[in-house]
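2 protein chains.
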Amino acid sequence: MAEYLAPHVAVLAHDPRAVEMPVGVEPASLAQVSGCDIVILAVPVAAMRAVCREMAPYLKPGALVMDVGSVKVEPAAILREELPAHVDLIATHPLFGPQSVGQGMAGLKIVLCPLRGTRARRVATFLRRAFGLAVLFATPEEHDREAAFTQGLTHLIAKAMLRMEHLPERITTRSFDLIRQAVEMVRHDAVGVSRAIEQANPFSAEARDCFFAEMEAVRLECEAPSLPAVRAELVEAWQFS
Amino acid sequence: MAEYLAPHVAVLAHDPRAVEMPVGVEPASLAQVSGCDIVILAVPVAAMRAVCREMAPYLKPGALVMDVGSVKVEPAAILREELPAHVDLIATHPLFGPQSVGQGMAGLKIVLCPLRGTRARRVATFLRRAFGLAVLFATPEEHDREAAFTQGLTHLIAKAMLRMEHLPERITTRSFDLIRQAVEMVRHDAVGVSRAIEQANPFSAEARDCFFAEMEAVRLECEAPSLPAVRAELVEAWQFS
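Sequence lines, in order, name chains G and U. Read the first sequence against this note's numbering and you will find it ends at 241, with the numbers running on by one and no gaps. Read the second sequence against this note's numbering and you will find it ends at 1241, with the numbers running on by one and no gaps.
Think of the hints as simulated: they come from the structure by calculation, not from any bench. A virtual CB, placed ideally from N, CA and C, is assigned to each residue, including glycine. Among these hints, one or two may not hold up.
[To be verified] Partner residues are not named here, just some residues of chain U that face chain G (Cβ under 7 Å, in silico):
{"hint": "1", "residue": "1146"}
{"hint": "2", "residue": "1173"}
{"hint": "3", "residue": "1182"}
{"hint": "4", "residue": "1186"}
Model the full assembly from the supplied sequences, consistent with the hints where possible.
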């Protein structure tokens, strides 16, 4: 994110781990980055409350604080509870990661959940103009309810497929290639992303139960095909003889 | 297939159902099409033996017979058993369908299983030059073993997702979009294709058992995360605070 923002604005970044900063991004202390006009948190949900408390004293009146976590209900609550009333808040979720950006950012989606203040429209305009992003507005609840299914199911499918090592790579259908590509995109997700999707989304258990119930139904149908399925096959075969 | 072949060769087609023929394709009787230099069967596996018996008397010495079914072990055995020794045989599986061809055929894969005769190389050269297809050679067993996993898993995932009606369409990650696209490609598969993948592939039960076992492992891990998973999350969160 810092790398893509750097050509547009001056970017300071603080990372407690020793990481190399992208070109045009200035390393800085937590106090320094917290004193900026716009502050973007990119931390695991589990670390968010602690980081917010550390940052709070340095935040300038009128600053805009955003996050980029994979779930929104819990981070939105933490931002509202821990950060001073004199800063504006927008919770966000870019619905893509470094793997997808390789093919260009135009048309990729980002969700904005305006929490406090009136600057979400301006942020949306910037994201559209600078990067060609498709900006979606939603409440944190709306986001988590939908993401529990879309992001959640991808995550479950990817986990199962990654457990199946040595899947064939030669005789592959076009549709399998697409699924494989989806799995590769989430293969290197940080542990925190994975756990956020599974645990921190209040709707994830419901989505998971629904998916596993349908999987079980498919398994049973494969073992003992239903009468209508068998009949449809016979009818189709008859048409050819 | 007939539509794409018509610009290259004269194409006669026989379909027992009343269907409209593509431009440049001549409707004909079973006897007429069976008397051609190259005969391509596109029928459900369940109808294949009966159709082969009907065609056999009309096949010319030196003709080339091919099929295009989604599995290869059983169709290959039927072609060998039912068709006269004086015809050449190549079992094939185009690893794509009408849904994928919309975006162009170049780079799409087709498997050729040479069964009898020496014309597979020439067929491969034609498919590469005329359509830009990636031609893979395999035995029927090699094909079915790999397809049981690649085609088979796509099929199971698609079946489960198609059962989940009203999946969200707005807040979708890039990786979910790819899976959704894969599901749409197989949504309209004929009943026979679906049943061939599930039942007529001798390796499909093994692939299915393996996939469902990993799905169950994922389910259990979601309900009660393992100690290493919890530890990894805590370590990651600590690095930020």
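Structure-based check of all given hints:
1. 1146: Where the cut-off is 7 Å and the nearest Cβ of chain G is about 4 Å from residue 1146(U), the hint holds.
2. 1173: 5 Å, holds
3. 1182: 4 Å, holds
4. 1186: Because about 5 Å separates residue 1186(U) from the closest Cβ in chain G, which is inside the 7 Å limit, the hint holds.
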